[in-house]
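Since the structure of chain A is provided, determine the placement of chain B on it from the hints.
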Amino acid sequence: MGNPLHSITALFASPDALVHAVQETVKAGYTRYDVHSPYPIHGIGHSMRLRTSPLGYFALAFGLLGAFGSVGLMTWITLVDYPLVIGGKPFWSWPAFVPVAFELTVLSASVLTVVTLIVFYLKFPNNSHPLHDTPYMKRVSSDGFGISIQSDDPAFDEASVRAHLARVAGTDIAAVYYDPEMIDHGQKLFDPRFIGLLIGVALVVSGGTYIALNKVAFMEPFNWMMEQGKLKAQAPSTFFADGSGMRTPVPGTVARGFLPYAFAGKPAEAENNLANPLAPTAEVLARGRTQYLTFCSPCHGNFGRGDSRLRGQFPNPPTLLSDKVQNWPDGSIYHVITNGQNIMPSYSGQIGRDDRWAIVHYVRALERAQSAKESDLK
Amino acid sequence: MSTALVDYTREEEVIAGRTTASEIDAVVSAPLDRFPSRLWWIAFSVTGTMLGIGVVSITITVLFGLGTWGINEPVSWGFDIVNFVFWVGIGHAGTLISAILFLLRQRWRNGIARFAEAMTIFAVMCASIFPLLHTGRPWLPMYLTPYPNQHGLWVNFTSPLLWDVFAVSTYLTVSAVFWYLGLVPDFATLRDRTVKPVKKVIYSILSLGWRHSNRHWHHFERAYLILAGFATPLVLSVHTIVSFDFAVSVIPGWHTTIFPPYFVAGAVFSGFAMVQNSLILVRQYFTLKHLITLDTLEKMNKVMILTGSMVGYAYATEFFIAWYSGSQFESFVFINRALGPYAWAYWIMISCNVVFPQLFWFKKIRRSIPAMFVIGLFVNVGMWFERFVIIVTSLSRDFLPTSWGHYVPSLIDVGILIGSFGLFFTLILLFVRVAPVISLAEIKSVVPGAQPHHHS
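As you go down the protein sequences, you meet chains A and B in turn. Straight run, no breaks: the first sequence in our numbering ends on number 378. Straight run, no breaks: the second sequence in our numbering ends on number 834.
Same shape as in the complex, but just chain A (with noise of 0.2 Å):
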């Protein structure tokens, strides 16, 4: 065979046996070899010489991991992403996080150290090694134990490893080949294939995330939730005559704490008839203010100037500070705001009818503060 040699495989009878080669081995200075059994044997790791597995640190390490990064990510959504108030408990209820971060503590330790495990520890997946599939490993995987010396040991050499497993009751003693073409040693996760494979992997998922969250999730039947035997405001239906789902009440209803307004359209019976009924105490004229500055000063401008925000994609309306305006009655402001005039639209529906008594007191405030007399210096 013009394979290169991997190793030299040896039995043994039992797991005495097999301590005793192993120490033995250790003693005629071989580094390079393994012990092969189908299940773990107590106490060879220590005739090995191995030093204690270090995967605790590694568990303890992802273990950290999952706990400040589950509360952190808890802490950063109830504190600044979004905080709610839920129960009447602080945003910050670290009680309620214990569960949630001890979970992902045992999450994140126990696959993180199992992946750690299998990719750095045990190098697997790899199943091109030179011993798969010979005769020794087909009896170490069922009832054999064994040892392997393999030929990259600084002692090894062929006639003396064979001599001194027999030496140490060694059965079966075999030589194990490689095909140095079968046999990959580059770094596999580096590899294009496996990189062009985990590409690959991520897109299908990413994509396949994608379309189950945002299409599937609104697909039929999925979204039958969307569709009921209801109907909704504004929404057409066919059920009835005039195709419209809304119904108008029935000519003449009132609605509660509602009167309808008698002067539309009568502004001098307005101004005879109407009486400011609020009287201008600083809480009315507050409101007036918000009401104000809410519906009214977009086109009559903060003061009452005429001077709109609306930067002349609107006409400008007339100042309030008019002498027109100053001498008219109460009822008259509140008639044009209730009613509307030229292109103004009735603003009945936006403001109270109370509001738009605050707003005519505002108004009335807005006029005097700003012409002011002589008279008031002194």
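If you are wondering where the hints come from, they were derived from the structure by calculation, not from laboratory data. Hints may contain errors.
What the simulated footprint calls covered on chain B by chain A, stretch by stretch (three residues with Cβ under 8 Å from a Cβ of chain A suffice, anywhere in the stretch; the number is not a length) [as the list claims (entries may be wrong)]:
{"id": "1", "segment": "474-482"}
{"id": "2", "segment": "588-599"}
{"id": "3", "segment": "767-774"}
Below, simulated PhoX-like cross-link-like pairs (lysine-lysine); rule was C-alpha separation at most 25 Å, straight line [to be verified]:
{"id": "4", "chain 1": "B", "residue 1": "LYS677", "chain 2": "A", "residue 2": "LYS138"}
{"id": "5", "chain 1": "A", "residue 1": "LYS123", "chain 2": "A", "residue 2": "LYS138"}
{"id": "6", "chain 1": "A", "residue 1": "LYS324", "chain 2": "A", "residue 2": "LYS266"}
{"id": "7", "chain 1": "A", "residue 1": "LYS123", "chain 2": "B", "residue 2": "LYS578"}
{"id": "8", "chain 1": "B", "residue 1": "LYS667", "chain 2": "B", "residue 2": "LYS742"}
{"id": "9", "chain 1": "B", "residue 1": "LYS667", "chain 2": "B", "residue 2": "LYS741"}
{"id": "10", "chain 1": "B", "residue 1": "LYS677", "chain 2": "B", "residue 2": "LYS578"}
{"id": "11", "chain 1": "B", "residue 1": "LYS577", "chain 2": "B", "residue 2": "LYS677"}
{"id": "12", "chain 1": "A", "residue 1": "LYS138", "chain 2": "B", "residue 2": "LYS578"}
{"id": "13", "chain 1": "B", "residue 1": "LYS742", "chain 2": "B", "residue 2": "LYS680"}
{"id": "14", "chain 1": "B", "residue 1": "LYS574", "chain 2": "A", "residue 2": "LYS138"}
{"id": "15", "chain 1": "B", "residue 1": "LYS742", "chain 2": "B", "residue 2": "LYS677"}
{"id": "16", "chain 1": "A", "residue 1": "LYS123", "chain 2": "B", "residue 2": "LYS577"}
{"id": "17", "chain 1": "B", "residue 1": "LYS680", "chain 2": "B", "residue 2": "LYS667"}
{"id": "18", "chain 1": "A", "residue 1": "LYS324", "chain 2": "A", "residue 2": "LYS373"}
One side only, chain B facing chain A, incomplete, derived with CB under 8 Å [to be verified]:
{"id": "19", "residue": "ASP403"}
{"id": "20", "residue": "ARG515"}
{"id": "21", "residue": "THR536"}
{"id": "22", "residue": "ASP570"}
{"id": "23", "residue": "PRO575"}
{"id": "24", "residue": "LEU612"}
{"id": "25", "residue": "SER615"}
{"id": "26", "residue": "PRO638"}
{"id": "27", "residue": "PRO826"}
As the structure is a computational prediction, the values presented were derived from the model and not from experiment. A virtual CB, placed ideally from N, CA and C, is assigned to each residue, including glycine.
Coordinates of chain B only, in the frame set by chain A:
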């Protein structure tokens, strides 16, 4: 009268009689290599039919909504949550056997750990069906997890139901990893045994190229120990968190601090009953009686009498505290459980969980296969009814008598329950055909003479 001296310094042998590693390989891998027998096909068709009933019921639920179930106000948690808690509990025995008994160096666990772990995984899979369906829109499970979504919303981290999502999914993942890690060396053994090329490829991939090297066993054992160390508090946390679903609420009969230990004990109790029942069938059918011995089953029965008594003690404590608290609602709930409209369920629970397992004090019954099988069956029935009693009696009659109601499950509810049993046993039947039901590496390590004698 002579007293026989027992030497407790010597550990009892786990395996009956003399056997060798190659014999173990042959007997355990036999079911994987031969065509399934007629008995297997009969069992498979029965469980498959049950599974089919479940699939039909779930389809009807998905198509027509939760209105097809018996739940309504005030009993908005019915069969779905009962079955969820029941199945999660069944899973607990597997982790207890594989992790806690491993840490306690109970060597008798080696013969049953693999099967029990598989049961854990299947039981948690069955359990997860129910809360998912209970959400009403099981096709939107991503809303259960905190992921950055277009709504800008996150999940509520202060809710026990959210804790459940994390607990159950972590439990399933860690159990599966633990199970697979243990399977790796066994897949390598099967890889070297098989003569069929397709199987060889599959086993090679699954074994990751395991070589039974003691340099690997060295790290492997450490990782296994670490996983057992993590799985132990994990399994205790899972049913604790499940009990929080109830204990954190204010419903009388639920709002009690005894729930976490009481639930965990009950979970182990029912899980052991399920493992014992299944193992009796498996060892009979696959002639593994010398590997899963009567002694092992007896030890499981001892665990059952322990946990069963803990559960019975918890029932008594609940009654005492209900009276001692002086809370009218709390007292009423317990009187209502024992004497109210669901009294029949309560007394099924008491007799199956507290009374019948006491028969295990007799060694004859503890070691009689038919007797222990029947008692194990009773325990499973009783533990299912325990969850039914806790959930339904508390919800149906809580504070306001005007809001009381009565819960009757619908046929669909029953169909999904049957389906979950169908899924569980179908998965077990498939499992025993594709993977070794006994951990080859672990059982070989406890064969007499498997370990070297103490060397100084």
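Verification of the hints:
{"no.": "1", "hint": "474-482", "verdict": "violated (count 0)"}
{"no.": "2", "hint": "588-599", "verdict": "holds (count 12)"}
{"no.": "3", "hint": "767-774", "verdict": "violated (count 0)"}
{"no.": "4", "hint": "B/LYS677 <-> A/LYS138", "verdict": "35 Å, violated"}
{"no.": "5", "hint": "A/LYS123 <-> A/LYS138", "verdict": "21 Å, holds"}
{"no.": "6", "hint": "A/LYS324 <-> A/LYS266", "verdict": "18 Å, holds"}
{"no.": "7", "hint": "A/LYS123 <-> B/LYS578", "verdict": "21 Å, holds"}
{"no.": "8", "hint": "B/LYS667 <-> B/LYS742", "verdict": "18 Å, holds"}
{"no.": "9", "hint": "B/LYS667 <-> B/LYS741", "verdict": "19 Å, holds"}
{"no.": "10", "hint": "B/LYS677 <-> B/LYS578", "verdict": "37 Å, violated"}
{"no.": "11", "hint": "B/LYS577 <-> B/LYS677", "verdict": "37 Å, violated"}
{"no.": "12", "hint": "A/LYS138 <-> B/LYS578", "verdict": "13 Å, holds"}
{"no.": "13", "hint": "B/LYS742 <-> B/LYS680", "verdict": "13 Å, holds"}
{"no.": "14", "hint": "B/LYS574 <-> A/LYS138", "verdict": "15 Å, holds"}
{"no.": "15", "hint": "B/LYS742 <-> B/LYS677", "verdict": "13 Å, holds"}
{"no.": "16", "hint": "A/LYS123 <-> B/LYS577", "verdict": "23 Å, holds"}
{"no.": "17", "hint": "B/LYS680 <-> B/LYS667", "verdict": "19 Å, holds"}
{"no.": "18", "hint": "A/LYS324 <-> A/LYS373", "verdict": "18 Å, holds"}
{"no.": "19", "hint": "ASP403", "verdict": "5 Å, holds"}
{"no.": "20", "hint": "ARG515", "verdict": "7 Å, holds"}
{"no.": "21", "hint": "THR536", "verdict": "4 Å, holds"}
{"no.": "22", "hint": "ASP570", "verdict": "4 Å, holds"}
{"no.": "23", "hint": "PRO575", "verdict": "12 Å, violated"}
{"no.": "24", "hint": "LEU612", "verdict": "5 Å, holds"}
{"no.": "25", "hint": "SER615", "verdict": "6 Å, holds"}
{"no.": "26", "hint": "PRO638", "verdict": "11 Å, violated"}
{"no.": "27", "hint": "PRO826", "verdict": "12 Å, violated"}
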